[in-house]
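**Q** Chains as they are written, first to last, in the numbering used here: chain A, 42 to 197; chain B, 137 to 910.
Any given hint could turn out to be false.
DSS-like cross-link-like pairs, simulated, lysine-lysine; straight-line CA separation at most 30 angstroms [as the list claims (entries may be wrong)]:
hint	chain 1	residue 1	chain 2	residue 2
1	B	K157	A	K111
2	A	K189	B	K157
3	A	K111	B	K164
4	B	K425	B	K527
5	B	K567	B	K902
6	B	K193	A	K96
7	B	K157	B	K606
8	B	K157	A	K43
9	B	K401	B	K369
10	B	K575	B	K305
11	B	K305	B	K369
12	B	K839	A	K189
13	B	K527	B	K369
14	B	K425	B	K909
15	B	K157	B	K305
16	A	K43	B	K164
17	B	K909	B	K839
18	B	K527	B	K575
19	A	K111	A	K96
20	B	K567	A	K96
21	B	K759	B	K747
22	B	K747	B	K688
23	B	K193	A	K43
24	B	K909	B	K518
25	B	K567	B	K164
To give an idea of the chain A side of the interface with chain B (calculated C-beta under 10 angstroms), a few residues [what the hints assert, rightly or not]:
hint	residue
26	G84
27	A138
28	I171
Hint data in this document are derived by calculation from the structure and do not stem from the laboratory.
No residue lacks a Cβ here, since even glycine has one placed at the ideal position from N, Cα and C.
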Amino acid sequence: MKTIELQINGSTHEVSIEADETLLQVLRNRLDLTGTKKGCDSGGCGCCSVQVDGKVVYSCMMYAAGAAGKAITTIEGLGGGGTALDPLQQAFIDAGAVQCGYCTCGMIMNASELLATTKNPGEDQIRHAIAGNLCRCTGYTKIVDAIKLAAARTGG
Amino acid sequence: MSLIGTSPERPDAFDKVTGGKAFPVNVKVPGMLHAKLLRSPYPHARILRIDTSAAEKLPGVKAVLVPSEVPKRKFTPVYFVPTDAGSMVQDMLIMSDTVRFAGQPVAAVAATSLRIAEQAIELIEVEYEELPTVFDPEEAMQPGAPQLHEHAPNNVAVNPVIGFGDLDKGFAEADYIFEGVYSSHRVHTCYMEPRVCIVDCDRQGNFTVHSSTQHLFGVREKLAYALEIPESKVRVIKAPYIGGGFGGKLDIGYIEPIAALLSRKTGRPVRIEQTRYEDFITTARHPIKVYLKTGVKKDGTFTARHARSILDTGAHATHGAEVINVHGVFGLLMTYRCPNSKWEGYTVYTNNMIGGGYRGYGSPQACFAAESQIDEICEQLKLDPIEFRRKNAWHAGEPHPMVPGVTLDSYAFDECLQSGAERIGWSQRKKADSGSGTKKRGMGFACQPLWVSGCVGFPDIYEHSGAIIKLNVDGTADLAIATMDIGSGQTTTLCQIAAEELGLPMEAVRMVQNSDTTTVPVDAPTHASRATYSAGNAVQAAARTVRERLLKVAGIMLDINPEQLAVANGRVSVKADPKRSLSVAEVVTRAESPFVQHGKNGPAPTTLEEKGTIIGVSSLAPKSNPSPVSVEFVEVEVDTETGQVQVLRVVYAHDLGKLIHRNGAEGQVEGGFQQGMGYALMENLLFDPVSGSCLAGDFLDYKIPTAVEMPRDIQSIFIESNEPSGPFGAKSLSEPCITVPAPAIANAIYNAIGVRIRELPITPEKILAALGKL
């Protein structure tokens with residue numbers, strides 16, 4: 042076991058881990074940040090997407106130790122917490138982009154990076170941006186609608 | 137009606153976009169152990185010896201379980217049938233010393249951490265005697281093939297044969313006879329939340345279970361049966377969310393009974409979560425090969441149809457014993473009118489993984505065969521494919537061809553055909569292979585003319601639901617029901633139906649979280665497209681009881697006959713004088729008050745008649761089993777240089793009786809198309825032909841459509857035929873959405889390039905080979 046410091050959603054967490062633990066394992070099992078989901082544990086579904094220094098990563102493919110000293114954002118930190126929502130979260134509700142909801146948090150974390158870097162993404166840009174996040178319920182139609190809606194609401 | 141047909145916000149949406157806490161995968165129980173299964177590397181073998189001594193010595197290991205320790209009563213794991221149902225095959229044990237597929241569990245370890253459990257199973261030594269294998273179901277039926285089960289000569293688990301009329305006469309009357317072989321492959325539901333369970337056994341042998349499941353009461357029944365204990369010893373807690381099911385969580389896995397036995401051994405809760413690889417080899421849609429022979433008159437009237445279906449059920453019968461019937465009856469025999477028909481089904485054991493439930497339950501395999509062949513017939517005889525189907529179709533008002541005593545009260549096939557054709561621009565369709573250039577476009581369509589809204593009328597299948605609704609003093613209602621929301625929005629639509637019936641705003645009705653099998657009425661699974669119709673009927677019935685009692689109390693308060701009262705928007709008012717009204721909160725407060733109610737007008741005595749919680753309970757099976765109808769038109773573009781197929785446009789028309797939640801219904805269509813398109817073009821769960829091992833470990837090996845491959849334009853047309861037996865006129869939606877895409881795409885590909893592919897999936901390789909380019 043070794044102890045590392047993780048900066049998550051603006052707070053510092055000191056956590057004792059095995060050297061080979063992934064960021065996903067630490068978030069879910071040691072810190073109870075269960076918004077980040079495990080879908081495949083092999084970098085293929087995107088359910089575990091979080092942001093590290095503003096970039097989306099599959100947290101199942103990153104050692105937790107490698108994230109030390111970096112700014113980690115999970116779904117729990119998006120929109121500032123509490124009852125306030127990030128425009129993407131509100132748009133996912135309004136567009137009906139949520140069915141079972143298991144992919145939703147990863148999908149939003151990914152879309153959040155897109156909207157942070159691209160002011161008014163086109164449909165193709167949106168679809169390519171979320172191509173690493175699988176959803177089995179929605180056929181993606183309303184997820185794409187939600188991202189467009191959030192982009193429009195945040196000023197395009 | 138104010139709420140029905142609108143799209144109120146899903147009650148679960150806020151939590152799901154902010155973290156989604158209430159999935160079974162998130163459940164933790166104090167003191168919980170983690171277990172891991174050791175799985176056989178061989179597809180057919182006898183276990184000669186298991187040595188667990190090294191594993192048991194590993195610090196942190198609390199228990200090891202081997203086949204000799206499990207109960208010996210064989211069972212079927214399928215939830216929606218009685219475990220000893222005669223129509224099913226009881227051929228499974230929790231663990232067996234005979235291995236019949238690569239990946240079958242042969243031992244399990246519970247430890248204080250997952251890491252230790254994983255290390256421990258590596259320390260278990262198993263000595264196997266390998267047995268001869270068979271992976272092809274038609275080879276398995278041949279004399280001399282390796283036999284998987286003593287009770288099944290030639291490896292045939294079940295062999296239903298159904299027919300009517302005179303087949304020879306029908307083929308003799310035909311002007312043309314068409315024959316084809318249509319085959320389908322193994323695909324996985326790909327629910328995103330893995331199968332997971334926690335089972336906690338107390339010192340008196342009572343089990344408490346959390347499971348990612350589609351059927352609360354199914355877990356109770358199957359677990360109790362497999363463990364040979366009374367059902368009341370098992371309590372299953374309902375998870376508010378399930379991360380997808382699609383039929384893939386319709387049977388007890390190996391994990392629940394193994395966790396239960398490990399918990400009994402250790403006295404501690406035991407958690408098992410499957411890896412994605414384990415999920416891939418747990419359930420899949422069965423490959424079915426269909427030999428289809430059809431006789432038609434020159435004008436396109438069916439005279440005779442004969443089909444043989446060979447279903448690969450893998451190592452155990454489980455769902456294969458029922459899928460074969462749904463496939464044959466709803467997919468092949470009864471979809472259209474034909475006076476002389478015969479169908480033979482074979483559910484065949486092989487050393488492949490066990491097949492399971494998957495949305496459509498045998499109909500996608502049948503629909504691909506039947507609707508492809510109809511397209512071939514129309515093409516060759518130059519008949520209009522829309523008119524052809526209309527000519528052979530059933531009509532509203534006729535007796536249901538499959539369900540005794542049920543009439544097709546609502547049945548709008550014509551409207552689906554017509555509105556879909558108009559929307560896609562069917563009249564603009566060109567002749568097959570008439571495009572120029574390397575990229576060619578084509579249009580096609582397919583139908584699911586007959587389907588179910590649950591299982592009323594079918595032997596051996598549970599079909600009832602029950603609900604409890606209770607009003608609160610703040611004017612809200614709590615709805616408790618066992619129906620699992622597997623993502624398709626059952627919580628939303630059931631709250632919506634309750635709100636509409638009670639005259640409350642949507643947000644005033646809450647689904648009770650974490651009901652369990654001791655507190656809510658028995659409910660059949662969320663399957664068979666049944667939840668809106670069947671559970672919806674139960675919710676409406678409970679809500680009617682609540683409303684009646686609400687109006688009775690209000691009538692006493694307003695000194696008026698309850699029949700002269702109405703409730704809407706949270707207020708009870710006199711119909712003839714709406715200004716005389718009370719809020720629902722005031723009425724409920726009155727009913728819940730002590731013998732003297734202290735209000736703004738001072739103390740007021742209440743009567744016994746007013747007193748008591750306003751609550752309604754129902755438990756019922758629906759009166760009917762109305763058939764939805766669906767038609768899907770697609771336009772595709774085929775790249776004749778690469779063999780790639782792109783779906784450009786989709787128009788889906790469906791008679792669902794009455795639309796309850798528009799956004800949710802569209803979501804079913806769009807998500808159904810994703811699964812159907814994956815089935816048609818790309819998904820394929822592959823196995824090593826020698827070792828029998830699954831070659832897909834994750835989504836890098838098993839490709840499902842991403843947002844990029846999906847068509848940009850999917851349009852849903854909902855035909856409202858107002859089913860008299862349904863809640864507010866509703867019948868069902870879900871499964872036909874996934875059944876029709878594969879044949880619609882296959883027919884469109886034919887229209888684009890003039891070649892017919894009869895074997896799914898239609899990969900670029902197959903297209904190039906058919907074009908003579910490989």
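**Q** For every hint, state whether the structure bears it out.
**A** Consistency of the hints with the structure:
1. For the suggested pair B:K157 and A:K111, the alpha carbons sit about 26 angstroms apart, so the restraint of at most 30 angstroms is met.
2. A C-alpha spacing of about 26 angstroms is found between A:K189 and B:K157, which places the hinted pair at or below 30 angstroms, so the restraint holds.
3. With a C-alpha separation of about 29 angstroms, the suggested pairing of A:K111 with B:K164 holds against the 30 angstroms cut-off.
4. The suggested pairing of B:K425 with B:K527 holds, with an alpha-carbon distance near 27 angstroms, which does not exceed 30 angstroms.
5. Proximity of B:K567 to B:K902 is assessed by CA-CA distance (about 22 angstroms); at most 30 angstroms being required, the pair is judged to hold.
6. With a C-alpha separation of about 45 angstroms, the suggested pairing of B:K193 with A:K96 is violated against the 30 angstroms cut-off.
7. At most 30 angstroms may separate the alpha-carbon atoms for a hinted pair to count; B:K157 and B:K606 meet this at roughly 25 angstroms.
8. A threshold of 30 angstroms between alpha carbons decides the hint, and for B:K157 with A:K43 the separation of about 29 angstroms falls inside it, so the pair holds.
9. At most 30 angstroms may separate the alpha-carbon atoms for a hinted pair to count; B:K401 and B:K369 meet this at roughly 16 angstroms.
10. As the CA atoms of B:K575 and B:K305 are separated by approximately 46 angstroms, the hinted pair breaks the 30 angstroms bound.
11. For the hint linking B:K305 to B:K369, the alpha-carbon distance of about 58 angstroms lies beyond 30 angstroms, and the restraint is violated.
12. A distance of roughly 26 angstroms separates the Cα atoms of B:K839 and A:K189; the hinted pair therefore holds under the 30 angstroms criterion.
13. With a C-alpha separation of about 55 angstroms, the suggested pair B:K527 and B:K369 falls outside the 30 angstroms cut-off, and the hint is violated.
14. With a C-alpha separation of about 26 angstroms, the suggested pairing of B:K425 with B:K909 holds against the 30 angstroms cut-off.
15. In summary, the hint linking B:K157 to B:K305 is not supported, as the alpha carbons are separated by about 62 angstroms, beyond the 30 angstroms threshold.
16. Under the criterion of a C-alpha separation no larger than 30 angstroms, the hint pairing A:K43 with B:K164 is consistent with the structure, at around 24 angstroms.
17. At most 30 angstroms may separate the alpha-carbon atoms for a hinted pair to count; B:K909 and B:K839 meet this at roughly 25 angstroms.
18. Distance restraint check for B:K527 and B:K575: the Cα-Cα separation of roughly 34 angstroms exceeds the 30 angstroms cut-off, and the hinted pair is therefore not satisfied.
19. For the hint pairing A:K111 with A:K96, the CA-to-CA distance comes to about 11 angstroms; that is within 30 angstroms, so the pair holds.
20. Using a Cα cut-off of 30 angstroms, the hinted pair B:K567 and A:K96 is violated, with the two alpha carbons roughly 50 angstroms apart.
21. Using a Cα cut-off of 30 angstroms, the hinted pair B:K759 and B:K747 is violated, with the two alpha carbons roughly 34 angstroms apart.
22. Taking the CA atoms of B:K747 and B:K688, the gap is about 11 angstroms. The hint holds against a cut of 30 angstroms.
23. At most 30 angstroms may separate the alpha-carbon atoms for a hinted pair to count; B:K193 and A:K43 meet this at roughly 26 angstroms.
24. Of the pairs offered as hints, the one joining B:K909 and B:K518 holds, with about 28 angstroms between alpha carbons and a cut-off of 30 angstroms not exceeded.
25. This hinted pair does not check out: B:K567 and B:K164 have alpha carbons roughly 60 angstroms apart, beyond 30 angstroms.
26. Given hint, A:G84 at the interface with chain B, holds; its Cβ is 7 angstroms from that chain's nearest Cβ, closer than 10 angstroms.
27. Interface restraint check: A:A138 against chain B, minimum CB-CB distance 9 angstroms, threshold 10 angstroms, status holds.
28. Hint status for A:I171 relative to chain B: holds, with the closest Cβ pair at about 5 angstroms, below 10 angstroms.
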